[in-house]
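Chains as they are written, first to last, in the working numbering: chain W, 3 to 362; chain L, 3 to 362; chain R, 3 to 362; chain X, 3 to 362.
Note that these hints are calculated values from the structure, not bench results.
Be careful, since some hints might not be right.
The list makes no distinction among identical chains, and a pair is therefore deemed to hold if it is satisfied within one copy or across any two copies.
Each computed PhoX-like pair below joins lysine-lysine, with the alpha-carbon atoms no more than 25 Å apart [stated by the list, open to error]:
no. : residue 1 : residue 2
1   : Lys181    : Lys317
2   : Lys321    : Lys115
3   : Lys145    : Lys358
4   : Lys41     : Lys190
5   : Lys218    : Lys273
All values reported here derive from a predicted model rather than from experimental measurement.
4 protein chains.
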Amino acid sequence: MPGNSFGKIFKFSTWGESHGPAIGCTVDGVPSKIRIDEKEIQFFLNQRRPGSSKFVTQRKEKDRVKILSGVFNNYTTGAPISFIIHNEDQKSKDYAKLKNKFRPGHADYTYEKKYGIRDYRGGGRSSARETAMRVVAGAIARKILSANLGSNFLIRGALIQMGSLHINRDNWDWNFAKKNHFWCPDKKMLKIWENYLTQIRKSGSSVGAIIELEAKGVPVGLGEPVYDKLDAEIAKALMSINAVKGVEIGSGFASAFMPGDESSDEMTLNKGKVKFESNHAGGILGGISSGQNIVARFVVKPTSSILKKKNTVTKKLKKTTISVGGRHDPCVGIRAVPIGEAMLACVLADHFLRNKIFQS
Amino acid sequence: MPGNSFGKIFKFSTWGESHGPAIGCTVDGVPSKIRIDEKEIQFFLNQRRPGSSKFVTQRKEKDRVKILSGVFNNYTTGAPISFIIHNEDQKSKDYAKLKNKFRPGHADYTYEKKYGIRDYRGGGRSSARETAMRVVAGAIARKILSANLGSNFLIRGALIQMGSLHINRDNWDWNFAKKNHFWCPDKKMLKIWENYLTQIRKSGSSVGAIIELEAKGVPVGLGEPVYDKLDAEIAKALMSINAVKGVEIGSGFASAFMPGDESSDEMTLNKGKVKFESNHAGGILGGISSGQNIVARFVVKPTSSILKKKNTVTKKLKKTTISVGGRHDPCVGIRAVPIGEAMLACVLADHFLRNKIFQS
Amino acid sequence: MPGNSFGKIFKFSTWGESHGPAIGCTVDGVPSKIRIDEKEIQFFLNQRRPGSSKFVTQRKEKDRVKILSGVFNNYTTGAPISFIIHNEDQKSKDYAKLKNKFRPGHADYTYEKKYGIRDYRGGGRSSARETAMRVVAGAIARKILSANLGSNFLIRGALIQMGSLHINRDNWDWNFAKKNHFWCPDKKMLKIWENYLTQIRKSGSSVGAIIELEAKGVPVGLGEPVYDKLDAEIAKALMSINAVKGVEIGSGFASAFMPGDESSDEMTLNKGKVKFESNHAGGILGGISSGQNIVARFVVKPTSSILKKKNTVTKKLKKTTISVGGRHDPCVGIRAVPIGEAMLACVLADHFLRNKIFQS
Amino acid sequence: MPGNSFGKIFKFSTWGESHGPAIGCTVDGVPSKIRIDEKEIQFFLNQRRPGSSKFVTQRKEKDRVKILSGVFNNYTTGAPISFIIHNEDQKSKDYAKLKNKFRPGHADYTYEKKYGIRDYRGGGRSSARETAMRVVAGAIARKILSANLGSNFLIRGALIQMGSLHINRDNWDWNFAKKNHFWCPDKKMLKIWENYLTQIRKSGSSVGAIIELEAKGVPVGLGEPVYDKLDAEIAKALMSINAVKGVEIGSGFASAFMPGDESSDEMTLNKGKVKFESNHAGGILGGISSGQNIVARFVVKPTSSILKKKNTVTKKLKKTTISVGGRHDPCVGIRAVPIGEAMLACVLADHFLRNKIFQS
C-alpha cells in the first residue's frame, strides 16, 4: 500500500534519503538461476552518475552498489535481492539554509504539509537520488528479460528534444546516441545542444527535455487488461520519475491530428508472419504488446533548483525569495534517459513474469 | 494481480463482456454511512451513454444500473458495493463475420495471441463497454470526496481539441461545456466542430481528440511518494482508458520548451495563506497534491472501427481487407470525457483514503 | 486492501448480504482455455446447501448459480468470471426483532462499532451465506488444478470430531465419508453422532466440530517463503471461515508432545524417488509443498444462534436476554466441510499459478 | 506478490540469508512523527538473541541493529524505515558437509526442488535467522500502537507447554514470565522444565512447545471482513514463523467440546459499558476485535536439527544418514515467544491503520 514499491511479481522497493547514511533497494520476485554480476549493474549505474560531464551536476558520488542477499555463487536463488549504496560527498551544510524555505517546483511544501516533518537535506526522500535504485532494479529486470528473450531483446533511449530544440529524425543514429553525453541520436544536433546548454547554465536557468524509449524483441502478449494495460503501467512508471510531466505511447498526442484510416496500423504478412505496416500504436494494442517495438516518450520539466532568484514563502508563512546555488543539472532530462530505460525494463520484466500465468 | 481492478483502498473491479448477459462492478473500500442513490449514479452513466446525439454511436443501450449489495437504507455499510447493468440491443450477428479477422487498431490480434481464445463479439472484454463501469465507480468516488471535502470539491472535463481543431482558451466557459454534446468549452468552436465531425463521419473515417480535466478543492497532501505519486496514478488511470495514447499533467509536454525560471511555480501569500503564482505543475509537487487545481490532459486516438477498407489478416494468417460498418462513434474522444472525469475521481478518492493513515 | 478478496493471482472477491437481492463472486486470474460447466459448480454448491438433511438448517435456498462473464462457448477466456446467486426464502421479518440486540457470539456488536451502521437482517455481510461463494470459487480452483495436475490431484474432507465425540482413525473410509450427510469417515461413529446431534438440537443448544482436509497429488514447490508460506496461507484461508477458531497442519498441536527424533519426517527412496517415512509435516516443509499429501485440520465453534436464552445488551446499552429461534444448524461444522475443501483448493490454485514464475 | 513482505498498510519486507553479509528489513507505511530509538528496538532484539542462556543456541550473534532511513532527528518522516544487521560468527564451514544432504524437517529439499539452487549455508533464506527482522518490525509496530492507544495497550507472551509438560494456569504470573529465560508464567513449573530440557539436550533430541499471546487495550473495530479477518491475519502471521504447526484463537480447538450455550460469550454492562462475561472468542467476533483481550496460541514443533542420526537422501538421490551437530536450540519454542509477540504487534498495527479508513 505505501508507495515505495513498484511492480507486482517483479517487485522492487526502495528506501533511503539523499543525505542519510545510505540508499537501498530490494528486488523481489526474481526467478532463480539468473546470473547476476555486480559489475553489470554498476555499468548502468555509471550512466546515471553525477559528475560524468560538465553538463550534469558536479557532485561526486561514486555510487558503488553492493549486493547483500539473494545471489549465491553469482546466481539468483529466488530470494529477495538487496542492494545498498552508501552515501558520500553529502555536504549537508549546503542545505541547512533551506530548512525553513520551500523551494518552488520542489516537494518541500507538499512533504511538509503531508507529513508535518521533513528531512530538508537535499530533498530527503523526494530527492532524485532515489532514482539510482531504479537503475539498479532496471539492470536486474534486463537480466531476466535477456535470459528469457535472448539477444533480440533490447531497451534503449535517446534525448529527442532539449528546450526548444528538437532533433531531426532523419538523422537518427542509435550508435551515436550511445556514445555522447546527451544521448543525442542526431549527430548534427549535438554541437548545437552543447552551445545551447552552456548558455542556459551560465544564465543561471535550466531547460526541459523529451526522451524517447524503444524496446525491441518484446513478445506478443505482455500486459493485463483492463487496468494493468502495458501502456498504463508504462505511463505510471515514467510519470513516477522526478520532474516528469507527460508520457505518450506510439504516436501519442499527435494521434489527435490523424484521421482514423491512418492511425490504426494495418496488418499484412511477411514470410508467413504477421507484419504491421506502421507503428502508431507504439507496439501496444488493447493494452497488450503486439510484437512490434514498444515506443514511449516522456517529458522532463526544467530543473527547479536554479540560481535565478524566485519568490517563495517560509515554513512560518513569511514571504521571501530563494536562489538555489550548488551543483545542479541545467537539464535533468539528460540523466533521465537511463532512468526511463530502467523503468521500462522493470515494467516489461514484471509483465513478462505475469504473462507466464497464461502460458500452458 | 490480475488487471481488472483499480485502486488500493478505494478499489473497484469490473467484469463482463460487450455481448455477454451483463457487465458489472464491485466497489470495495467505501467508508460506511455515505448516502448513495441509484439516480445519482444513473445521472453520470447517462452522460456516457450511446445514442444521446447523432455524433455518437446509435446503439441503444439503456445502461440501467442496479445496486446489489453494500447499501442499506440508502447508506453504505462498509461492505462491497456491487453494481450490474444487463446488456441489451446486442446484435451479436453484426460481429459474426469478424470472428476470423483481426480489426486493425483493436485488441483482436493481441487477445488471440495472449489467451488463445477470444470472445469476438463486439470486442468482448476489450470493448469500451467496460468503461460504463468506470463511470459507476467514479460516481461513488465523487460521493466519498464530496462527503469529506464539501461543496468546494469539483471535477470537470472538457474537449479541447477535435482532430486538428483546437479551442481558443480565451473563450473558455465551463458552464457552456456542460451543456453541449461535445463538452466544448468554447462557444465559437462548437458549430465548427459539428460541421467538421459531420464531414468526417460521412467520409467513413474518424478523428482523435484531447480532453482536459480539472479537479478543484483537492486538499494538500494526496499522493504517496515515490511510485504511487498522484500524477503517476492519474497517468495510469487515464492511459488505461480504451484508445488513450498520452497523458500530461499541468504544462505537460510544453514544459520542455520553458526555461526553469518560468516552469517552477513561485509561491507567495494571500490573506495569510500560501498562494502559487502559476500552475505549471498542475497541482502536484513531488507526486503530492499542493492544494492548487489538479489539471490533466489525455489524448484519444481516432476510432479504429471505420467504414474505409483497411488491410488486415485472418486468424489463419491469410491477407484480407476489412471495413467495419455498424454504429460507431466518429470521435470516441467525446464519450471519453465522463470516463476521464470518473477515473480522476477514483484516483483522488483512493488517495484521499490512503492519506488518512498519515493524519493524526 | 479491503478484505473481501482472497488470493493474489487466482483471486476471488465476494459481495452480497444474507438478505440483499443477491450474492456474488468475481474470480480473476483464471488462465484461459479451461472448460467450465455451470453444472459442475452447482454440484459443489449443493453439498453446502441448507435444507439437505434434518441435521442442517431447514431454510430452503435453491442456491442456483449463474455465470455472467469470462466464459465463452464453455471455456474460460482469461477475463474475470462473475457469478451470481439470487437470494430467495429470506424471511427478513424473522430478524426485525434482532435489529437492536447484539447476538452473543455473532458479529453484531463489532460491526455496529466498526461501521456505525449494520444490515441486521440475518447477519448481513457477516452471514455464513457468503461462504456459498467460496464454494463457487473453490470449484473453479479445482478445475484449474485438475487441468494441470491430472486425475491424481484430489481434495477431500471429513468431519473427525463432533462435540466431544472423536472418530476412530482405524476405521477411516473416504468412500463412506462422501456418502453420508455428516462427512463421517468412520462407519461405526455415524449412528452415534446422529443420536448425539438429535439430542443437542432438542435441548436447544449446539455443538462444535473438527474437520480434516487432505490434498493429494500436489506437486513439490508450491508456497512462497517467508510470509506467504503455503501453511500460513492455508491457516488464513481456513481461519477466515465463519466460526473457525483454530487451524493445524500435519501433526499440529500434537507436535508439542513429540521428541525431535520423531517429529521430523525421515527421507528415503522408493523406486528411485524421494519418499518420506511419515507425514508429521502435513506435506509442507519451510512453507513449501513437499509432494506428500497436504493435511490440515480446523475447528468450528458451536452455532451461536441457539434457542437457549442468553444475556446480552441492546444497541442503546440496556441489559436484556435473547433466544434465537429460526432454522439454525445444531452443528455448523458439518456444512463447513465443503467450504474448507473449497478454501484449500483456492490456496493451492493460487500457489500453483504463483509457482509458474519460478519454472523455466 | 513475492512472499517476503507482511502487511498491507503497515508493511514490512525482509531480506537476507543466514550466512550472507547481512540481513535487513524495510518497514513501510509508518505514520510520521513517531519517536524511534535504536535502543528500544535493540531491547526486543536482545530477547530473541541466541546465546542468552544455556538453554538456547550458543551461537554468538550480537544482532546489533542499525537504522538506515526514514527516521530524522529521532522521528519517523513517513518514508520507509530500513534496518540492517550485519552477520557475524557465521562459521560457514559447519554447513559445508550439508551441501548435498537434505536435513529432515527442514526446507532443504523443498527449496532445492522449487528453485533448482540453494544457499545451503545454515538454511540460507529459510533459516530462522530471518525472524530477527520480524522482531525489529514488531518493535516499530508497538511504537505505532502505543503512540495511538496509550499505556493501556500491551502485548505479552508466555510458554505454556514444553514437550509434554503443561503449566498450571492457576499459578499464572505475568511478572514472573517476563523474568525467566523460558517465559514461564508458572513459578512451580520453571525448575521442572529446566531439568526436563537439560535431559532432552543431553539425549541429543529436542522438544516442542506451545506459546500463548495476549494483547490488552486493543480497541473495538480492528479487522476487515471477510477474508482479512483479524483472526485470519493472526493465523497467517503466526503460522508463517519457522516450525509453527498450529494456531488457535480464544478457546481454539477446545471449542469443539463446548456446548453452544457456553461457547458464545454473553454480554452485560459494567458502569454503563459493554462487558463480556467470558472470552472464549479470544477478543474477536466476526473477524473484528471486540475490545476484549486478544488471545492466541501457537505450537512450535521440536527443533529438527538434532544430534540423533536420522535417515535421509542426498541431492543426487542416494540414501544416507545425517546427524546435525552444531549449536542448536533443544526447544526453539522458547525463542519463538518474542517472535510471536512481534508478529501479533505487526498484525494489530496494520489493522489499526487500516481501520482509520472507516473512522470519520
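To see whether the hints hold, each was checked on the structure:
1. Lys181 - Lys317: neither (45 Å within a copy, 43 Å between copies)
2. Lys321 - Lys115: Within one copy, since 17 Å is at most 25 Å while 47 Å is not.
3. Lys145 - Lys358: both (17 Å within a copy, 18 Å between copies)
4. Lys41 - Lys190: neither (33 Å within a copy, 61 Å between copies)
5. Lys218 - Lys273: within (19 Å within a copy, 48 Å between copies)
In summary, the structure is inconsistent with hints 1 and 4 from the numbered list given earlier, while agreeing with the others.
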